[in-house]
Amino acid sequence: MYYKRALHGWFLTAAAWFVLSQELVAHPGTDVAIVDLTALINASPASPELRLRRATCYVEHQRWSEASDDIDHAARLSPDHPDLALARAEYFLARDEPLASINALASHLISHPGDAAARILRARASARSGDTLGAQNDFQHALRYLPEPKPELWLEANALIAEPVAALADLETGLTRLGPVPALEERALKLELQLARTDSALQRLTRLAAHAERPETYHRRRGDILFQANRLTEARRAYTDALAAIDRLPEWLRLSEPTQQLIAQLTPLATSPL
Amino acid sequence: MKLPSFLLLLAFLTAPAVHAATTILRGPYLQLATPTSIVIRWRTDTTEPSSVRFGLAANQLTLTAKSEGISTEHVVQLAKLQPNTRYFYAPITGNDKPTKPGAEDGPPSALVSSFVTPPLPGPAQPTRVWVLGDPGTKTPAQIAVRDAYYKFNGTRTTDLWLMLGDNAYADGTDAEYQKAVFEIYPSLLRTAPLWTTLGNHDGRSANSLTQSGVYYDIFSLPTMGQAGGVPSGTEAYYSFDHANIHFICLDSTDSPRDAEGAMAQWLRADLAATTRDWIVTFFHHPTYTKGTHDSDKDSDSGGRMNDMRANFVPILEAGGVDLILTGHSHNYERSHFIDGHYGKSQTWEQRYILQARDGRPEGQGAYTKPRTRTPHAGEISVVTGSAGHASSKPIPLNHPAMWISLNEAGSSIIDIDGLKLNFTFLNETGAIRDTFTIEKK
Ligand SMILES: [Fe+2]
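Heads up: the sequence lines are chains V and B, in that order.
Per our numbering, the very first residue in the first sequence carries number 1; after that it's consecutive.
Per our numbering, the very first residue in the second sequence carries number 1; after that it's consecutive.
No lab work stands behind these hints, which were simulated from the structure alone.
Some hints here could point you the wrong way.
As the list claims (entries may be wrong) - With the C-beta cut set under 8 Å, the calculated list includes, among others, these residues of chain V facing chain B:
{"#": "1", "residue": "D31"}
{"#": "2", "residue": "N103"}
{"#": "3", "residue": "A117"}
{"#": "4", "residue": "L146"}
{"#": "5", "residue": "E148"}
{"#": "6", "residue": "L153"}
{"#": "7", "residue": "A183"}
{"#": "8", "residue": "E213"}
{"#": "9", "residue": "A245"}
{"#": "10", "residue": "L249"}
To be verified - Chain V is nowhere near these chain B residues, computed Cβ spacing over 10 Å in every case:
{"#": "11", "residue": "R156"}
{"#": "12", "residue": "T210"}
{"#": "13", "residue": "R351"}
{"#": "14", "residue": "R373"}
{"#": "15", "residue": "D417"}
{"#": "16", "residue": "G430"}
Glycine residues also receive a C-beta, built at the ideal position from the N, C-alpha and C atoms.
Only chain V is shown next, with the shape it has when bound in the complex (with noise of 0.2 Å):
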């Protein structure tokens, strides 16, 4: 989890550089972050947020106690740090301890109820504690806060979602959002296929081979489908289809030793008797 807020007051000098590498070759078993961190907070010993972003390394390294320390060093440095709430919430869910990482939220989204990080932390402790509708309804303010959510935390939200129909809903928001996102698509395919909504599926996969520059993979897939639902004359044709694209690629692209293959499988699959 990163909540960094930019960092004023501070650059690192010529000087800084030098004790950065010192430090560097010092402690050659520690991560460089840290050792940073370390010679940044003793030049600096009055930052807060030096010892926020330190805590958030030893999260990472699973270094609890020097995490604890340096998120408590730092509440007594500046007591209403913005971030000082999003620390504790990532070092408890880091430690699996999701209801004391809700706490750690409680009041600083109720005075920050825009703020898509946190919502997102507490999303991920509520689902981490079993909490379905909590996380979903974080999940879908922060969706909602964001002008651009990223793929992976559309799927991270999806995830939660049981029934695939609301499931392939949501997918259809995300790809309207987002655009034609592959992880996107393919999720939405595996529930179409799941709800046995081949038509839906196929007409995905004709979608995506019109936009693609080879859209012979595509084709394929279809044709798989097709051939698993028994319409096998459809099936043929996407097949036909698919080395119909191989056909038109450049030379160098269409001798090469995946497409050769592909060329293999599909050529006994187009013109096999029905």
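Please build the complex by placing chain B with the ligand on the supplied structure of chain V, with the hints as guidance.
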């Protein structure tokens, strides 16, 4: 209609003072170049409309492009451009009225700059790419590396440039970007599109999950395959085409790196879709390094180097990658012509070297690959993370995957001409310290 000259004088004298005071604080800089469009960005000290004059000659900026609203952060897309064509442009600011020709001695806004749109994807065209890893130290070394490249390049057009992350130390703040990027490379920023990936230091002021923070505010990167490639849905990782080259940017810093995650799924789809001759990939964390970082250490960089090597190098190699560019280690390490090594250096074997030579046509011979895209036909992996400085201390530089390792500040240059790729490492004094060539036949 010709106005009496005293009316023009009156208009000039009564122009609002706020306009006369407008200063461009940043840029202009070029982003998201496609054969038919480009994004021009700049920052002013006062809030004003965002407009750009442009045209096919410096003294004929007859076209205007604008964005809605008023701002100090200006983002204007020029659309419907001709591929492979030089355009001249100037942002319109308060003190640079469109009726007044741009003064040579005026503020940056008044200067007319130019760029060349990328050619249509597919056909080959000689292309020069400047590659900077970890540049943003604001030290004399960064300046020296820059000047060495400018001298090396001369009057030739740099088609595009790549920053491999850690572009502005120590925290990638806006102020640090101003000093370490915008005030160091103003002329190139105005004339060649910059593409970048997120480094761990940039990541301190940015959040990839929410796509917010300084890095995401400063750069306009493709999410919908606007510049070629498969839509990624995120600026954190993306691809684009230039002539016969497909560039892939991955986010090794702040996006999930699991082998079946969204980034990996996108990468597989993107590799399968491209019909370009060359595939060049860049991200921040090196997969093989014994420099200022150690890719054998799980504790180093939160395991990111392990993840990229174990989860992404196999996908890239199966997709026929030619060149992998990384930074993070502040040195230069260039691999043998390799394939198939996904473990730590203790598991290295000679069999991972597909062609045991220097890769130099004038030496033991260039590396060769079949033109037909063949999985696992070999690539060169380059750590070029010393565009800001080299290590001040001795570092091991003994990773067995490397053909050459140097603790020197410098930057890298890729020249692709048809089916030949020439690579150069230029140090801060302007000395060429490594070269290699890959030829496709
Ligand atoms: Fe780095």
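Unsatisfied constraints (hint numbers, rising): 2, 9, 12, 14
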